[in-house]
Amino acid sequence: MKIICDTNIWYKIECGEFKKEAWEPNSLVATNLNLFELSLTPRLIDQTEYVSKIVRTLHDEHSLIIDMSPMDYIIKKQYPDRSSQDKQFGEMLEGFEKLMSVDFEKVDDDLLSAEQQKFRPHIESWRKSLDKISEDVNNLLPEVRANIKKTTNKRTHRAVNSLPIFADILNLMVQSYTEGKLQLDIETYPWSEIELFVRVWDNYFKDLELTPGQKFHPNDWFDLFNLVYVDPQAKYWTHEKKWIEIISRDQSTKHYLFIPN
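Residue numbers (our numbering): 212 to 472.
One should not assume that every hint holds.
[As the list claims (entries may be wrong)] In the PhoX-like style, the derived pairs of lysine-lysine whose C-alpha atoms are separated by at most 25 Å in a straight line are:
no.	residue 1	residue 2
1	Lys-223	Lys-465
2	Lys-231	Lys-417
3	Lys-309	Lys-298
4	Lys-465	Lys-343
5	Lys-329	Lys-309
Think of the hints as simulated: they come from the structure by calculation, not from any bench.
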């Protein structure tokens, strides 16, 4: 069986917390988003060798890398003939291959420091974008919570079928991503193929809306969209308690959760 991995799993395997016996005879699948998340970690600047070890672990232990971005993967479900070449992914692979080839015991410290600083603009630019999105979401939450308290109650709100709203949001994302060239046919889209993503998105945002003090975090975007790659024939492996709890408490998604041997 295919096991789609959260990025934190590659860290856990590298540090020895999980051995092959934990997942065999299943196959580990890495994603475009795993590598993208690794390309944005500040550890690339001050713990470059450590990140190199994580990348090496991913390289050695994966059976497949899904090279499409989450948006391309979503679109491909309805437009199977669409070309989805990701230039950025190719550049990431090339960069990580160079990183794995570095002999950190022999590399000149000044040269390493200079190379490390080259990562900074990319990391800081994306981090600012993610921080802004998180800030916008969190700024909306007090108003949303007040409206729920005024017009309904927690049980009723949690029971609301949010798929039509979610489908519209996802369709807007697709239109923005393709600069208006494509849109989803909401009525015919194979939603069952991304059931885990849909259900976790719904449960996660309802938790946010109903739990005072809970906040949206920048890395939550990575964690949510990594679920896009999990189809009904696969399982998902994460080490983060928040996602384990959300996935396991829902009868329609708990079977997707991979439990290591």
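Problem set entry | Given pair status - Lys-343, Lys-465, alpha carbons within 25 Å | With Cα atoms ~32 Å apart, Lys-465 and Lys-343 exceed 25 Å; violated.
Problem set entry | Straight-line alpha-carbon gap Lys-223 to Lys-465, limit 25 Å | Roughly 22 Å between the alpha carbons, so the hint for Lys-223 and Lys-465 holds.
Exercise. Does the structure keep Lys-309 and Lys-298 at a Cα separation of 25 Å or less?
Worked result: holds, 17 Å
For this session: Sort out whether Lys-417 lies within 25 Å of Lys-231, counting only the CA atoms.
Result: violated, 36 Å
Exercise. Within a Cα-Cα threshold of 25 Å, do Lys-329 and Lys-309 meet the stated pairing?
Worked result: holds, 14 Å
Checked against the numbered hints given earlier, the structure breaks hints 2 and 4 and satisfies all the rest.
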